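Student: Each chain is listed here by its residues.
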Amino acid sequence: NAGVMQNPRHLVRRRGQEARLRCSPMKGHSHVYWYRQLPEEGLKFMVYLQKENIIDESGMPKERFSAEFPKEGPSILRIQQVVRGDSAAYFCASYGGGSYEQYFGPGTRLTVT
Amino acid sequence: AQKVTQAQTEISVVEKEDVTLDCVYETRDTTYYLFWYKQPPSGELVFLIRRNSFDEQNEISGRYSWNFQKSTSSFNFTITASQVVDSAVYFCALSDLIQGAQKLVFGQGTRLTINP
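Those sequence lines, one after another, are chains A and B. If you read the first sequence in our numbering, its first letter stands for residue 1, the second for the next number, and so on. If you read the second sequence in our numbering, its first letter stands for residue 1001, the second for the next number, and so on.
So here's chain A without its partners, still in its complex pose (with noise of 0.2 Å):
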């Protein structure tokens, strides 16, 4: 998993603030997922992003997240008024070069007090 880099490694934020999590791919990967990992669970998929294009969604709460993966820059995953059930682990992965190994980061653990 070395190469993919996401920062902060930890975030608190206040109920209804914004947090802004960012992941930058290991290089020539083009393609970024997200995932959550609530306390004392395993990791859910939240969504599958290539530069530019959001793939795959599904697995995004209707409201206050959004994510991105812009043409120059990390990918970032966006959760608007946060809330205490929001305090979690952010995992990224990166995938790309023909193999099927998803690379992961370190993770952004979210602390919403």
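No lab work stands behind these hints, which were simulated from the structure alone. Model, not experiment: these values are computed from the prediction. Think of the CB as a built atom: it goes at the ideal place given N, C-alpha and C, for glycine as much as any other residue.
Okay, the calculated beta carbon distance ranges per label pair:
| no. | chain 1 | residue 1 | chain 2 | residue 2 | range |
| --- | --- | --- | --- | --- | --- |
| 1 | A | Arg20 | B | Glu1017 | 42 to 50 Å |
| 2 | A | Glu63 | B | Asp1018 | 42 to 50 Å |
| 3 | A | Gly16 | B | Ala1081 | 45 to 53 Å |
| 4 | A | Arg9 | B | Gly1062 | 26 to 34 Å |
| 5 | B | Thr1030 | A | Thr113 | 41 to 49 Å |
| 6 | A | Glu101 | B | Lys1016 | 28 to 36 Å |
| 7 | A | Gly98 | B | Leu1048 | 14 to 22 Å |
| 8 | A | Arg9 | B | Glu1017 | 29 to 37 Å |
| 9 | A | Arg84 | B | Phe1054 | 43 to 51 Å |
| 10 | A | Ser30 | B | Ala1081 | 36 to 44 Å |
| 11 | A | Ser99 | B | Gly1062 | 21 to 29 Å |
| 12 | A | Arg14 | B | Glu1059 | 42 to 50 Å |
| 13 | B | Phe1054 | A | Arg14 | 48 to 56 Å |
Given chain A's structure and the hints, the job is docking chain B onto it.
Tutor: Only chain B this time, still in chain A's reference frame:
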């Protein structure tokens, strides 16, 4: 729909014992991949193995071995001569192929504790 079941929520063994983590999956796809990941207390996800649905050969890597059986839709993971450093949460995952790439469906995880 894809589903992965890890029935063992927690396992605790004494160091040097062998331990097997169970994974049962459901899929309608004929081509899929199965994965195991380790999540140590530090929280990152460590890739352990990927197995193609067409390859039922068992695999061994040091103290780790995997038993893939399509007939029972199982992909079990065995640690031989366990060590304290093996303590972690282990996730089994199944790929869901979409547009040439995959989203992973994870099991709930098995928390493995190796006691000295």
